[in-house]
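Enquirer: Here's the letter readout for the chains.
2 protein chains.
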Amino acid sequence: MALPEETTARLSALLGPRLSLAAVDRDHHAASESFHRAPPPDAVAWPEAPDEVAQIVRICAGAGVAVIPWGTGTSLEGHALAYRGGVTLDLSRMDRVLEVRAADMQASVQPGVTREALNTELRATGLFFPVDPGANASLGGMAATRASGTTAVRYGTMRDNVLGLQVVLADGRIIRTGTRAAKSSAGYDLTGLFVGSEGTLGIITELTLRLHGQPEEVASAVCAFDSLDHAVECVSATIQSGTPMARIEFVDALTARAFNLHSGSSLPETPHLMIEFHGSPVTVREDAARFGELAREFGARGFDWATTPEDRARLWRMRHGAYHACKALRPGASGVVTDVCVPMSHLPQAVAEAAGDIAAAGLIGPIVGHVGDGNFHALLLVDPESESEIAAAKRLATRMAERALEVGGTITGEHGIGVGKRPLMAAEHGEAWQVMGAIKTALDPGNILNPGKLVPDRN
Amino acid sequence: MALPEETTARLSALLGPRLSLAAVDRDHHAASESFHRAPPPDAVAWPEAPDEVAQIVRICAGAGVAVIPWGTGTSLEGHALAYRGGVTLDLSRMDRVLEVRAADMQASVQPGVTREALNTELRATGLFFPVDPGANASLGGMAATRASGTTAVRYGTMRDNVLGLQVVLADGRIIRTGTRAAKSSAGYDLTGLFVGSEGTLGIITELTLRLHGQPEEVASAVCAFDSLDHAVECVSATIQSGTPMARIEFVDALTARAFNLHSGSSLPETPHLMIEFHGSPVTVREDAARFGELAREFGARGFDWATTPEDRARLWRMRHGAYHACKALRPGASGVVTDVCVPMSHLPQAVAEAAGDIAAAGLIGPIVGHVGDGNFHALLLVDPESESEIAAAKRLATRMAERALEVGGTITGEHGIGVGKRPLMAAEHGEAWQVMGAIKTALDPGNILNPGKLVPDRN
Numbered sequence: 001m002a003l004p005e006e007t008t009a010r011l012s013a014l015l016g017p018r019l020s021l022a023a024v025d026r027d028h029h030a031a032s033e034s035f036h037r038a039p040p041p042d043a044v045a046w047p048e049a050p051d052e053v054a055q056i057v058r059i060c061a062g063a064g065v066a067v068i069p070w071g072t073g074t075s076l077e078g079h080a081l082a083y084r085g086g087v088t089l090d091l092s093r094m095d096r097v098l099e100v101r102a103a104d105m106q107a108s109v110q111p112g113v114t115r116e117a118l119n120t121e122l123r124a125t126g127l128f129f130p131v132d133p134g135a136n137a138s139l140g141g142m143a144a145t146r147a148s149g150t151t152a153v154r155y156g157t158m159r160d161n162v163l164g165l166q167v168v169l170a171d172g173r174i175i176r177t178g179t180r181a182a183k184s185s186a187g188y189d190l191t192g193l194f195v196g197s198e199g200t201l202g203i204i205t206e207l208t209l210r211l212h213g214q215p216e217e218v219a220s221a222v223c224a225f226d227s228l229d230h231a232v233e234c235v236s237a238t239i240q241s242g243t244p245m246a247r248i249e250f251v252d253a254l255t256a257r258a259f260n261l262h263s264g265s266s267l268p269e270t271p272h273l274m275i276e277f278h279g280s281p282v283t284v285r286e287d288a289a290r291f292g293e294l295a296r297e298f299g300a301r302g303f304d305w306a307t308t309p310e311d312r313a314r315l316w317r318m319r320h321g322a323y324h325a326c327k328a329l330r331p332g333a334s335g336v337v338t339d340v341c342v343p344m345s346h347l348p349q350a351v352a353e354a355a356g357d358i359a360a361a362g363l364i365g366p367i368v369g370h371v372g373d374g375n376f377h378a379l380l381l382v383d384p385e386s387e388s389e390i391a392a393a394k395r396l397a398t399r400m401a402e403r404a405l406e407v408g409g410t411i412t413g414e415h416g417i418g419v420g421k422r423p424l425m426a427a428e429h430g431e432a433w434q435v436m437g438a439i440k441t442a443l444d445p446g447n448i449l450n451p452g453k454l455v456p457d458r459n
Numbered sequence: 001m002a003l004p005e006e007t008t009a010r011l012s013a014l015l016g017p018r019l020s021l022a023a024v025d026r027d028h029h030a031a032s033e034s035f036h037r038a039p040p041p042d043a044v045a046w047p048e049a050p051d052e053v054a055q056i057v058r059i060c061a062g063a064g065v066a067v068i069p070w071g072t073g074t075s076l077e078g079h080a081l082a083y084r085g086g087v088t089l090d091l092s093r094m095d096r097v098l099e100v101r102a103a104d105m106q107a108s109v110q111p112g113v114t115r116e117a118l119n120t121e122l123r124a125t126g127l128f129f130p131v132d133p134g135a136n137a138s139l140g141g142m143a144a145t146r147a148s149g150t151t152a153v154r155y156g157t158m159r160d161n162v163l164g165l166q167v168v169l170a171d172g173r174i175i176r177t178g179t180r181a182a183k184s185s186a187g188y189d190l191t192g193l194f195v196g197s198e199g200t201l202g203i204i205t206e207l208t209l210r211l212h213g214q215p216e217e218v219a220s221a222v223c224a225f226d227s228l229d230h231a232v233e234c235v236s237a238t239i240q241s242g243t244p245m246a247r248i249e250f251v252d253a254l255t256a257r258a259f260n261l262h263s264g265s266s267l268p269e270t271p272h273l274m275i276e277f278h279g280s281p282v283t284v285r286e287d288a289a290r291f292g293e294l295a296r297e298f299g300a301r302g303f304d305w306a307t308t309p310e311d312r313a314r315l316w317r318m319r320h321g322a323y324h325a326c327k328a329l330r331p332g333a334s335g336v337v338t339d340v341c342v343p344m345s346h347l348p349q350a351v352a353e354a355a356g357d358i359a360a361a362g363l364i365g366p367i368v369g370h371v372g373d374g375n376f377h378a379l380l381l382v383d384p385e386s387e388s389e390i391a392a393a394k395r396l397a398t399r400m401a402e403r404a405l406e407v408g409g410t411i412t413g414e415h416g417i418g419v420g421k422r423p424l425m426a427a428e429h430g431e432a433w434q435v436m437g438a439i440k441t442a443l444d445p446g447n448i449l450n451p452g453k454l455v456p457d458r459n
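Chains H and G are the protein sequences, given in the same order.
For the first sequence, full-length UniProt numbering gives the first residue as 1, with consecutive numbering after it.
For the second sequence, full-length UniProt numbering gives the first residue as 1, with consecutive numbering after it.
Hints listed in this document are in silico derivations from the structure and should not be mistaken for laboratory results.
Don't take every hint at face value.
Said to hold, decoys possible - Ranges of calculated distance between the beta carbons of each label pair, as one might list FRET restraints: (1) G:E121 to H:E297: 26 to 34 Å; (2) H:K394 to G:G62: 40 to 48 Å; (3) H:A103 to G:A2: 53 to 61 Å; (4) H:A313 to G:A103: 28 to 36 Å; (5) G:R296 to H:E310: 35 to 43 Å; (6) H:A102 to G:G126: 32 to 40 Å.
As the list claims (entries may be wrong) - Derived coverage of chain G by chain H (criterion: at least 3 residues anywhere in the stretch with Cβ under 8 Å from a Cβ of chain H; other residues may be distant): (7) 18-28; (8) 48-59; (9) 137-151; (10) 192-201; (11) 258-268; (12) 274-286; (13) 341-348.
Ideal Cβ positions, reconstructed from N, Cα and C, are used throughout, including at glycine.
Let the sequences and hints guide you as you build the complete structure.
Expert: Below is the structure:
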């Protein structure tokens, strides 16, 4: 497949060297941090302004050419791959923090700004943007996939932290959704509709984000439990007591082992919780003490409080490094990362069943989780040359998703659908998946925006 | 206008005495707590189950008859009035709390359950549902209008507290949106789309709600400020300090006066803040102390802490009674309640301008606000017999909405669009309003669900 000559000519006239048909650029945008593979796009465009995005979309729409938005390429379900050819819209040059309104605790940013870049810019303001999926993803991509991560238990997901958007529609119209007010009941929540729509309804060209005050005091700790059940029961009891946690992460015995081997820690090789509190010195001390009491009731031991910023940074670097630490458990292996989310009361059973399924399949698969949300991941370590191991890992991922559905959970807590989870959408949503398709058809009748992802195929 | 005979016959066969064509029933469903007026519906139906709702919708859709959902009739923008005739679907008989899942901090309820009924049912569980718009509204109606109220600053609006829905679509299909997991990135956020859609996209027949732990300790207070500016600056400083407030309400000098006359209080007749903290005894004491320090920096005085549950109940009864207290400032008057929401930094100016506009119009209009959200209401007191006063009040409401838009705010923070704010939708949303219309057309091509509300008229 190649672009129609006239399309190429018009895009070139618009973008000059910021349109590339070179194999190196196209191949770069066919890569993915997972086993999802697709042919490269026909071209890559690097727009620098919303108007340019609109013009590109108009040119492509006129020729029936697909447009696939690209942030940093860190998604795990093949969201940004060009399965049906077309033009990949690399938004990395739209990377300006447009405005920080400190008094309103808001920032307006372009979609290519990464979360770390925004937080660097915010450092002097006393504010920060809390959503933290681990990867230094673009904020546009994080909004498009409704990302979350370790801090969602306190600060929410992208759903909760995007106040408004500027979006280029499939026909090139540019709209604004939301306002700068903290809340609104003025009609359909289009902001919420575009957040998580994975580029299938429009291209996000600007975001208005909710910021939060940098906590005056932070306390982090890691502690060991005899069993997952006790760890999860401890988290439930803490949440019900109203003690606010900024982060509450579960790592299983195998992950603790991986940390010991890779990060120089000396944790007992049992399940652990990693926790963080944000607040004033008094409230953080109180929250930490309450958690400590509850945790000891559930048999926690080996409390290690990180009291300096350096210790805390080391603790969370270790957590965010779980992927690489675990991969080192099987040298040469690649990872297949699963992602389900279940009601809290079903979490111990869901994790135990996942561990059982992994063992039965003869694979190694450490498990970590954002346990305050009921969200967990298995990192299935496979030989990248072994088709059968990859197939087994994909079967396991599907089985975990099916088990999540059986207990009222979801097939993805934070990684999104892309192509990877699309075969499970009907199972989760039933007829509501067709409603998503109807909305897609209404907003993108030509099916040019990231086709083949998320929604059902057209009849 | 009357129902086609065959439609009446089919509905009667389905519902028996739960379909009424009697004037008394129809008139009751033509009443509204505002100046919006419409002819009564052609009939009123009281379904008792989702399947019945689906059958009614199918019967009506087949005949092109409008269906208007009705909760408790407490909306302020004419949401539930039958401007184009049709059948009003009174959901008050679908009032069962279906399940409380305490371990997951969730409840499944039918749409006719009121917020007070749910909280009564939850009393023994240690949990509560926090969203509190003042009126004892139905939870279905609260979801449909994206209601919020005094506790949104801490617990969020209905958008944040509805995890999932069962919805009857315009063609009678029954879908489920969302899951029982705390978060999900599995496709378009249909839950968020139906919350706030005011019955124009589907009829809510079940809600899965997020519950919260009843706070162990509660502290409430009222304090006086010399000026609105100082009160708002105090709130901003408190939010930025990360001190969590469960409620933070502004009342102006005139409202303080109304409280003194009506509720037996003896407040200085200046602007006030009413505040509440939730947490453990230690954290509440700390939060209250911090707020006290900040407030004194901004000149607060006359701190009155409500230390007993009875004192707190009295304090919030006074706040929730503001509407009636203020109406007593002008005996015989009726109220036109405005509702805008602006970025925090613009709140002092917005309230001051509103007060100036009200004075210039020669009306009495006390102002109260959910100041932590930038949301405020003026209660414009008009002679219900005076067309010119009512017209002046409506002009004022429009002017406030326009001023809110000028500073990046919204025309409604929590009351919704209905018919009252519909003329302002294009001004707030521009082309995005047409996108709402496209979604409406996709999901309700026959325009039978609550027609004439929220979205643009069809071409």
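Enquirer: Please go over all the hints and tell whether each is borne out by the structure.
Expert: Hint-by-hint comparison with the structure:
Take G:E121 and H:E297: their Cβ atoms lie about 29 Å apart, and the range 26 to 34 Å holds. Distance hint check for H:K394 and G:G62: the Cβ-Cβ separation is about 45 Å, which falls inside the suggested range of 40 to 48 Å. About 57 Å separates the C-beta atoms of H:A103 and G:A2, a value consistent with the hinted range of 53 to 61 Å. Range check, H:A313 to G:A103: Cβ separation about 34 Å, and the 28 to 36 Å hint holds.
Hint check: G:R296 to H:E310, Cβ distance near 37 Å, so the stated range 35 to 43 Å holds. The hinted range of 32 to 40 Å is satisfied by H:A102 and G:G126, whose Cβ atoms lie roughly 38 Å apart. Counting residues of the region 18-28 of chain G whose CB lies closer than 8 Å to any CB of chain H gives 0, which falls below the minimum of 3, so the coverage claim is violated. With a cut-off of 8 Å between beta carbons, the region 48-59 of chain G has 0 residues touching chain H; three or more are needed, and the interface restraint is violated.
Evaluation of the coverage hint for the region 137-151 of chain G: fulfilled, as 4 residues show C-beta separations to chain H shorter than 8 Å, against a requirement of three. Counting residues of the region 192-201 of chain G whose CB falls under 8 Å from any CB of chain H gives 6; the rule of at least 3 is met. A count of 0 residues in the region 258-268 of chain G with a Cβ less than 8 Å from any Cβ of chain H is obtained; the coverage claim is therefore unmet, three being the minimum. Counting residues of the region 274-286 of chain G whose CB lies closer than 8 Å to any CB of chain H gives 6, so the stated coverage by that chain holds, three being the minimum.
Counting residues of the region 341-348 of chain G whose beta carbon lies closer than 8 Å to any beta carbon of chain H gives 5, which meets the minimum of three for the stated coverage.
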